[in-house]
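Let the sequences and hints guide you as you build the complete structure.
What follows is each chain in one-letter form.
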Amino acid sequence: MVLRMRDPFATLLAVQRAMDNAMRSDWFGTRTSGRGSFPPVNVFSEGDDYVIVAELPGVKKEDLDVQVKGDTVRIQGKKVVALAEDASVHRRERSEGQFDRTLSFPAQLDAAKASADYRDGVLTLRLPRAESEKPRSVAIN
Amino acid sequence: MNEKELTLQEKRELTASEERTEAGKFFSPHTDIHETSDSVVVTMEVPGVGKSDIDIRLEKGVLTVTGTIDSKKYESLKPIYSEYNVGNFVRSFTVSTKIDSDAISAAVADGVLTVRLPKAKEALPKRIAIH
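Chains A and B supply the protein sequences, listed in that same order. For the first sequence, position 19 matches number 19 in the numbering used here, and the numbering has no gaps at all. For the second sequence, position 11 matches number 152 in the numbering used here, and the numbering has no gaps at all.
These are calculated hints, taken from the structure and not from any lab test. Just so you know, these numbers come straight off a predicted model, no measurement behind them. Incorrect hints may appear among the rest.
Stated by the list, open to error - Straight-line distance between alpha carbons at most 20 angstroms, and here's what the computed SDA-like set of lysine to any residue pairs gives:
| # | chain 1 | residue 1 | chain 2 | residue 2 |
| --- | --- | --- | --- | --- |
| 1 | A | K78 | A | T102 |
| 2 | A | K60 | B | D251 |
| 3 | B | K213 | A | N42 |
| 4 | A | K60 | B | K192 |
| 5 | B | K267 | B | D241 |
What the hints assert, rightly or not - Computed spacing ranges between beta-carbons, pair by pair:
| # | chain 1 | residue 1 | chain 2 | residue 2 | range |
| --- | --- | --- | --- | --- | --- |
| 6 | A | E85 | B | A247 | 20 to 28 angstroms |
| 7 | A | G97 | B | S242 | 32 to 40 angstroms |
| 8 | A | V81 | B | G191 | 16 to 24 angstroms |
| 9 | A | K113 | B | S193 | 27 to 35 angstroms |
| 10 | B | L149 | A | D63 | 14 to 22 angstroms |
| 11 | A | A82 | B | T235 | 46 to 54 angstroms |
| 12 | B | T235 | A | F9 | 26 to 34 angstroms |
| 13 | A | S104 | B | D211 | 25 to 33 angstroms |
| 14 | A | D63 | B | E176 | 24 to 32 angstroms |
| 15 | A | E62 | B | E146 | 14 to 22 angstroms |
| 16 | A | G47 | B | T235 | 15 to 23 angstroms |
Just so it is clear, CB atoms sit at the ideal spot from N, CA and C, and this is done for glycine as well.
Listed below in structure tokens is the structure:
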């Protein structure tokens, strides 16, 4: 018998997502959902900046809205799958709809210096930490 | 808000029928196929793939689309939290002989690739006049 293993990292990601959904459900929160919803994000750090990368294929730039406030980032928008009127559909795998997601960070963000880049269906957000969050070296007399 | 909420769609990793020699993961892009009166249109989601990184070839009646990701931008970044995998895209389709293979055209916008396969003349419907 041949055992076919799925990619263990993909399985771990699915487990992480399921756990996050169950444990950090924002059911009673005032914000929109933080985890487990569309779009999936990858978060990186570069120096003092946070970098968020999200794949949003088929979302138009003008349908995308990003807001930064305090320590949270909100990504919202809608995705439309347009079909010609006389078209008959053979296969339908792409989904459409609207999305709204809020991510919170362990540090205050500098909303004025935040930048966003949307190219080829990939959104890249660069969020510098607020000056007050950066470590400061203290001179010793 | 009466519009449908968009839910997470898991990326499908390619279960290869033949092994690949390139490094990195390959995913099978989510694809819509629809037919209009004069052509078959294949629409696939290839986020992160630019115009110059797409390779479309038709060989022995099989249309293969390969999209390559530019992973350079991730080199200076330190990962903190991850929800999806990044990788290249590849998918093949068998194309019927009723397609005019010389007139296939493609366009990419916002990470969505649209391949238009025009029907061959002999496959177009004909109106028969009654005298």
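Measuring from beta carbon to beta carbon, are G47 (chain A) and T235 (chain B) in 15 to 23 angstroms?
49 angstroms, violated
Hint check for T235 (chain B) and A82 (chain A) - Cβ pair distance inside 46 to 54 angstroms:
At 26 angstroms between Cβs, range violated.
Using the Cβ atoms, figure out if K113 (chain A) sits within 27 to 35 angstroms of S193 (chain B).
31 angstroms, holds
Mind checking the alpha carbons of K78 (chain A) and T102 (chain A) for me, to see if they're no more than 20 angstroms apart?
Between K78 (chain A) and T102 (chain A) the Cα gap is close to 15 angstroms, so the pair holds against 20 angstroms.
Is the straight-line distance between the alpha-carbon of K60 (chain A) and that of D251 (chain B) 20 angstroms or less?
It holds: about 7 angstroms lies between the C-alpha atoms, which stays within 20 angstroms.
Quick one: are G97 (chain A) and S242 (chain B) within 32 to 40 angstroms, going by C-beta?
35 angstroms, holds
Taking only the CA atoms, is the gap from K267 (chain B) to D241 (chain B) under or equal to 20 angstroms?
17 angstroms, holds
When you take the CB atoms of E62 (chain A) and E146 (chain B), is the distance between them in 14 to 22 angstroms?
Given about 20 angstroms between the Cβ atoms, the range holds.
Does the Cβ pair T235 (chain B), F9 (chain A) satisfy 26 to 34 angstroms?
This hint holds: roughly 32 angstroms between Cβ atoms.
Holds or violated: K60 (chain A) to K192 (chain B), with C-alpha atoms at most 20 angstroms apart
The hint holds at about 17 angstroms.
Range hint 20 to 28 angstroms (beta carbons of E85 (chain A) and A247 (chain B)) holds or violated:
Given a distance of about 22 angstroms, which is inside 20 to 28 angstroms, the answer is holds.
Pair hint K213 (chain B) and N42 (chain A), alpha-carbon separation not exceeding 20 angstroms
Cα-Cα ~16 angstroms, so holds.
In summary, the structure is inconsistent with hints 11, 16 from the numbered list given earlier, while agreeing with the others.
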